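Student: Sequence:
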Amino acid sequence: MIERALRNCIIARMAIRLKKWYACSAVCRLLAVIGSAYNNSLLAAAVRRVFGSPVHSRYSKLNKRLSRFNEFLRRRGHRFLPNRSDSFTLRLVDAAGGTPTIQYSKTCWFFGGLGARGVLLAIFSLYLPIDALLRAIGSLETIANIWDEAFFLLCLLYILFELLFTRDRIAPRVTPLDAMLLVFLAIGLMLMCFVSPDFSVAFAGYRAVCQYMLWFFIVVRLVRTDGNALLPLVILAAIGTFVALHGIYQFIIAAPIPDAWTSDTEMGVRTRVYSIFGSPNVMGSFMVMTAPILIAFAYKAKKIVSSVFLFGCAGIACLACLFTFSRGAWMGMAVALLVFALLRDRRLLAVFAVVMIIALSIPDIANRIAYLFTSDFADASQRAGRTGRWAFGMDLLLKNGPWFGFGLGRFGGAVAMQNQVMEGVKYFYMDNYYLKTLVEMGYVGFAGYISLIVAVVWNGLRSLFRVKNTDAYELCAGIFAAISGVLVHCLFENIFEVPYMNAYFWGLVALLMWFGFIRGNSARAK
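All letters in the sequence shown, in the order written, are residues 1 to 526 by this note's numbering.
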C-alpha cells in the first residue's frame with residue numbers, strides 16, 4: 001500500500017526527474033572532474049597511506065592472550081560436556097523444544113529465525129522502549145532498576161557458554177579501540193579507589209561513567225553476520241521514526257511543558273516535544289542518532305519508492321528534532337547531516353542549506369537562535385545558565401586538586417544530584433559532559449576520556465576507509481555521522497548520563513568497528 005502511494009506521489013516523481021536531470025547536468029560533470037582529480041592527487045595518496053594501514057591489533061599481545069583464553073575455555077568446556085547426550089540440561093531443552101506446542105508456535109518460529117544472537121541484539125536495540133515501559137508501570141520499579149544489568153550478565157554468560165561448548169575455534173574479537181577503552185576503564189578504577197571520600201558515591205559515579213562502555217565488548221562479540229549487524233540498525237531506525245511521529249503529535253496538540261524549559265523572552269514557543277523521554281534535549285539527541293541511519297538506509301535501498309519513504313522518515317526525525325527546540329540538538333543534527341553529506345553525497349549540502357533557510361524563517365526558531373546573541377541571554381547564562389555552571393565547576397576543580405579531580409559521582413551529574421554530599425551547595429547538571437568528566441576525574445581522567453573519544457573518531461574514519469568499496473559504506477557513514485552528532489551535542493548536555501543513550505552510542509561504535517575491522521570483506525579492503 002505504501003509502495004503504491006509513493007509511486008503515484010508527485011514528490012516521488014519529482015525526485016526521479018531531478019535525479020535524471022542531475023545526471024545530465026554541468027554540475028554533475030564538474031563534480032566528477034573534481035573527484036577524478038582528487039583520486040589522483042598527492043592528498044588522496046597520503047590519506048590512503050594513513051587510513052589504509054594494516055590492523056596491528058591482530059598481532060598484538062592482547063590478541064594472543066585472548067586466543068589462549070578462548071582455547072582454554074574450549075578445552076575445559078569439552079571436558080565438562082563431551083557431547084550433548086551427557087548433559088541433562090541440554091537434553092531437557094531438546095525435549096521441550098521438540099513438543100508440538102513449542103515447536104510449531106509462532107513465537108518459536110520468530111525467535112528461531114533470529115537465532116540466540118539475534119534475540120539478544122534485538123533486546124539490546126529495544127533498550128529504550130523496554131526501559132520506558134518498565135518505569136511507566138509503578139509496580140515494576142524494582143525490575144526497572146536492575147533489568148539492564150541482568151540482561152548484560154545474560155549476554156556475557158551466553159558468550160562464555162559459546163566459548164565453552166562450541167566445537168569450532170572462535171577467534172578473539174580484537175579491534176584497535178580495545179586498548180584505549182581498557183586504559184580509560186583502568187584510569188577510572190584508579191581514581192575511584194584513590195579519590196573517594198565516600199566510596200559508595202565514587203563507585204556509583206564510576207558505574208555511571210564506565211558500565212555502559214562495556215556494551216562495546218558485548219556487541220562486538222554478538223555480531224557474526226551482516227544480518228546480526230543490520231538488526232540493531234533497523235530496530236533503531238524504526239524506534240526513531242515512531243518516536244518522531246509521537247513528538248510531532250505532541251507539537252500539534254501543544255503538549256504542556258514546565259515553565260523552566262523556556263525563558264521569559266521565549267514565551268512564544270508553544271511547546272517543546274519530549275515523547276517518551278521526559279526531556280526535549282534527550283529526545284533531540286536520539287533524533288540526531290537515528291536520522292543519519294535512516295538516510296543511510298535510504299541510500300542503500302534498491303527501489304526509488306523505498307528510498308523516498310526512508311528519506312521521508314529521516315525528514316520526520318529532523319522535524320521532530322526541530323520541535324524539541326533544543327539548540328544543542330540542532331547543533332548536533334547539523335554536524336551529523338554535514339558529516340554524512342561530505343562522506344556520501346555532497347549534493348545533500350544544497351538540500352540542507354535550503355532546509356536551514358526555511359527553518360530560520362519560522363519565527364519561534366529564529367527567535368530562539370537570535371536570543372543567543374542578546375545581552376539578556378549572556379546575563380541569564382552567567383547567573384543561572386551554562387556559563388555560570390561551567391565557571392562554578394572549574395572553580396571547584398581548581399580548589400580540590402585539578403590533576404585527580406573532585407571525585408567520581410560528586411558533582412555535575414546524575415549521581416551527584418541523587419547524593420549531594422556537600423552541604424550548602426546548590427547542585428545542578430553541568431550541561432557539558434566533557435566538563436563534568438573534567439571536574440570529577442581531573443586532568444588525568446579527562447586526558448584519558450578525550451584520548452578515547454579521539455580514538456573512536458580516528459578508528460571510525462579508518463573503518464570508513466576500509467569499507468569504501470563495499471556494500472556497507474552507506475551504513476558506516478550513517479553510523480559515523482550519528483556518533484559525530486551525539487559527541488557534539490555532549491558539549492551542551494550530559495547526554496551520556498542517560499543509560500540507553502550511552503549504551504546505544506557504544507553499541508553503534510561496536511558495529512562500526514565490526515564492519516571495518518572484523519567483517520570478512522572489509523579485512524581485505526585496500
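None of these hints come from the bench; they were simulated from the model. Do not rely on the hints blindly, as some may be mistaken.
What follows is a set of in silico ranges between Cβ atoms, one per label pair, in the way DEER data are often shown [to be verified]:
1) 304 with 253: 15 to 25 Å
2) 366 with 398: 31 to 41 Å
3) 398 with 303: 41 to 51 Å
4) 256 with 190: 39 to 49 Å
Think about it this way: if two alpha-carbon atoms lie no more than 30 Å apart in a straight line, the pair counts; the simulated DSBU-like pairs of lysine-lysine are [what the hints assert, rightly or not]:
5) 302 with 468
6) 468 with 300
7) 303 with 468
8) 426 with 399
What you are looking at is a predicted structure, and each value in this text was computed from that prediction instead of being measured. Glycine is no exception: its CB is placed at the ideal position from the N, C-alpha and C atoms.
Student: All the hints need checking, so say for each whether the structure fits it.
Tutor: Structure-based check of all given hints:
As the Cβ distance of residue 304 to residue 253 is approximately 34 Å, the hint placing it in 15 to 25 Å is violated. One distance hint, 31 to 41 Å for the beta-carbon pair residue 366 and residue 398, holds here, with the actual separation near 39 Å. The hinted window of 41 to 51 Å between residue 398 and residue 303 is violated, with their beta carbons roughly 59 Å apart. Distance hint for residue 256 and residue 190: a CB-CB separation of about 46 Å, consistent with the stated range 39 to 49 Å.
Taking the CA atoms of residue 302 and residue 468, the gap is about 19 Å. The hint holds against a cut of 30 Å. In summary, the hint linking residue 468 to residue 300 is supported, as the alpha carbons are separated by about 14 Å, within the 30 Å threshold. In summary, the hint linking residue 303 to residue 468 is supported, as the alpha carbons are separated by about 22 Å, within the 30 Å threshold. Distance restraint check for residue 426 and residue 399: the Cα-Cα separation of roughly 17 Å lies within the 30 Å cut-off, and the hinted pair is therefore satisfied.
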